[in-house]
Amino acid sequence: MIREPLIFEISEEGKKAFTFPKPDVPDNDGIEQNVRLRKEIHGFPKVAEIEVVRHFTRLSKTNYCVDEGIYPLGSCTMKYNPKINEVVAGLAEFRNSHPLSPVSTVQGNLEALFTTEQLLAEITGMDAVSLQPSAGAQGEMVGIMLVKACLEDRGEKRTTVLIPDSAHGTNPSSAHLCGFKVREIKSNQFGTVDIDSLTEAMSEDVAALMVTNPNTLGIFEWDIKKIADIVHSKGGFVYMDGANMNALVGRCRPGDMGVDVIHLNLHKTFSTPHGGGGPGAGPVGVSRTLEPYLPVPLIRKVDGAFRLDEDRPKSIGRVRGFYGNFLVILKALAYILTHGPKGLREIADIAVLNSNYIRKSLEGLYHLKYASPSMHECVFSDALQKKHGISNLDIAKRLIDYDVHPPTMSFPLIVPGALMIEPTETESRRDLDFFIEAMTAIAREAEENPNLLKQAPHHTYVRRLDETAAARQPILKWTNGDRT
Amino acid sequence: MYPDSFSYSKDHEWVHVEGDIGTIGITDFAQKQLGDVVYVELPEVGTKLEYHQSFGVIESVKAVSDVYAPVSGEVTAVNEELNDAPELLNESPHDKGWIIKIKVKSGAELEKLMPVNEYEKYLEGLED
Chain A
6 MIREPLIFEI
16 SEEGKKAFTF
26 PKPDVPDNDG
36 IEQNVRLRKE
46 IHGFPKVAEI
56 EVVRHFTRLS
66 KTNYCVDEGI
76 YPLGSCTMKY
86 NPKINEVVAG
96 LAEFRNSHPL
106 SPVSTVQGNL
116 EALFTTEQLL
126 AEITGMDAVS
136 LQPSAGAQGE
146 MVGIMLVKAC
156 LEDRGEKRTT
166 VLIPDSAHGT
176 NPSSAHLCGF
186 KVREIKSNQF
196 GTVDIDSLTE
206 AMSEDVAALM
216 VTNPNTLGIF
226 EWDIKKIADI
236 VHSKGGFVYM
246 DGANMNALVG
256 RCRPGDMGVD
266 VIHLNLHKTF
276 STPHGGGGPG
286 AGPVGVSRTL
296 EPYLPVPLIR
306 KVDGAFRLDE
316 DRPKSIGRVR
326 GFYGNFLVIL
336 KALAYILTHG
346 PKGLREIADI
356 AVLNSNYIRK
366 SLEGLYHLKY
376 ASPSMHECVF
386 SDALQKKHGI
396 SNLDIAKRLI
406 DYDVHPPTMS
416 FPLIVPGALM
426 IEPTETESRR
436 DLDFFIEAMT
446 AIAREAEENP
456 NLLKQAPHHT
466 YVRRLDETAA
476 ARQPILKWTN
486 GDRT
Chain B
521 MYPDSFSYSK
531 DHEWVHVEGD
541 IGTIGITDFA
551 QKQLGDVVYV
561 ELPEVGTKLE
571 YHQSFGVIES
581 VKAVSDVYAP
591 VSGEVTAVNE
601 ELNDAPELLN
611 ESPHDKGWII
621 KIKVKSGAEL
631 EKLMPVNEYE
641 KYLEGLED
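For the record, the sequence lines run as chains A and B. Counting in our numbering, the first sequence runs from 6 upward without gaps. Counting in our numbering, the second sequence runs from 521 upward without gaps.
Don't read these hints as lab results, they were simulated from the structure. Treat the hints with caution; some may be incorrect.
Simulated DEER-style distance windows between Cβ atoms [claimed, not checked]:
id: 1; chain 1: B; residue 1: Glu600; chain 2: A; residue 2: Asn456; range: 35 to 43 Å
id: 2; chain 1: B; residue 1: Gly627; chain 2: A; residue 2: Val467; range: 49 to 57 Å
id: 3; chain 1: A; residue 1: Thr465; chain 2: B; residue 2: Glu600; range: 36 to 44 Å
Yeah, the Cβ is synthetic: ideal placement off N, Cα and C, and Gly gets one too.
Excised from the complex, chain A in its bound form (with noise of 0.2 Å):
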């Protein structure tokens, strides 16, 4: 295959893509002088419209994604993200409105937003919701800002936070960011949080404890009811990171087991798109003691119509502008009630039974270091693979060259070697017997021909990539035919 060159790289001198038409209005209102200071954008690649359209279509055949096939990528709960989202989010009343347009114009959009709070909060069994957060990982920000902004209302100088090891990395970084220390808590043997040292770690100065349930092991937290009583009782907030809600959505609350207050990911478990499909949203779900400190403006409806309420003095404040991701809330919103309570109920199911069967066939093949029952994802490592001199990452490597995605390597940290499984209710079972099929040949391979993994892949537009020289120079632009 040739190589494509940068756009940069096509570019002449006297080629133009498009003509913008001459203005038809009158310009002369003094913005001209101020607006129109570059003829040029120096720099700025000279192509024709069809050097664009194939420039980009010739990248894009290089790129993979869930339309194309499985995507494991544990613990992002790669799902397709059903076209009827697009439609909804597409409709022009909903796009079309702006931001600032007076509430009584937009009461339908709101009504939305309302009603997906409230659908989340009944799924989660929390007892209000804010859809404000971008993403995942503010909304576990704002969700310790919330723990924060209590203790403090309640005059408590509390400093640690208990966060497990098996825990995602934005967690510690969320719990640093408000300003508590960092104390990590052991997993045991069975993967999950060891009551005997949470029990030596909780005190008065704790603020909270972080934990994902199921844990990024895939296991399933299932002393929570006890963790939560042992938060509580010194007085501690139980936070829940909701990245794998997709293991419960229908079947188990959050709310039910103890926790305080929760972040979801609607590009994970509620198929908005994903990665740089996305953006993102990460609605906060809250018990009634934390509700006060939530994020303004909260939508209410008084005598039948919807408002936007600012007026809450002990909230934290405005974490963003306007209200969220309001096109990406609404694709989540399509998402649950177009499956309906028994629909949703059915996700939780197949998500766990697709990766119990991933789990079943390729036991003996790779390694599990964990024997505790998977949830919707499993993480085996390279262990057997060790001994031919094949890593997680000849493994993965490998993957493409079955047009497959990797899943998800080295995480969660306590399994070293870790290839880590999600195969999400989406896929079907013919094509999680075409991964199985992958990762069992490649299984062979390591033993019978360790060197065609290693230097993996075979077939694709570019070979196995200098990562490390990547990370350790990067080339970050690229300026006349200099790449700096």
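Given chain A, work out where chain B should sit, using these hints.
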């Protein structure tokens, strides 16, 4: 492989004390677990470290990890070479890849660490 004169922590840091100055780095086992190191965040000279306090961050192609002080004391020097050559942590973890030097507060803390034979046994347990 692991120098006799070093003391080792369960988190895979080593310390080599000469006089009252302790040189601190990560072990060969640690660098292998991390994979290729691409960036090292160093503390400032003069920073006072408590036992087991995080004093730096090591970023590898796989993960970002804290490094913890195996003994308490004040930082007297940092290995500036790591700024341009983080690969020293992979290539020479017990020598050129040292991370900081500290003025050791109390020799008693060294007792909590493992001598080489104990550390090697500890590693065998981990590799099962």
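Do the hints match the structure? See the list:
no.	hint	verdict
1	B:Glu600 / A:Asn456: 35 to 43 Å	holds, 39 Å
2	B:Gly627 / A:Val467: 49 to 57 Å	holds, 54 Å
3	A:Thr465 / B:Glu600: 36 to 44 Å	holds, 39 Å
Every hint from the earlier list agrees with this structure, and none is contradicted.
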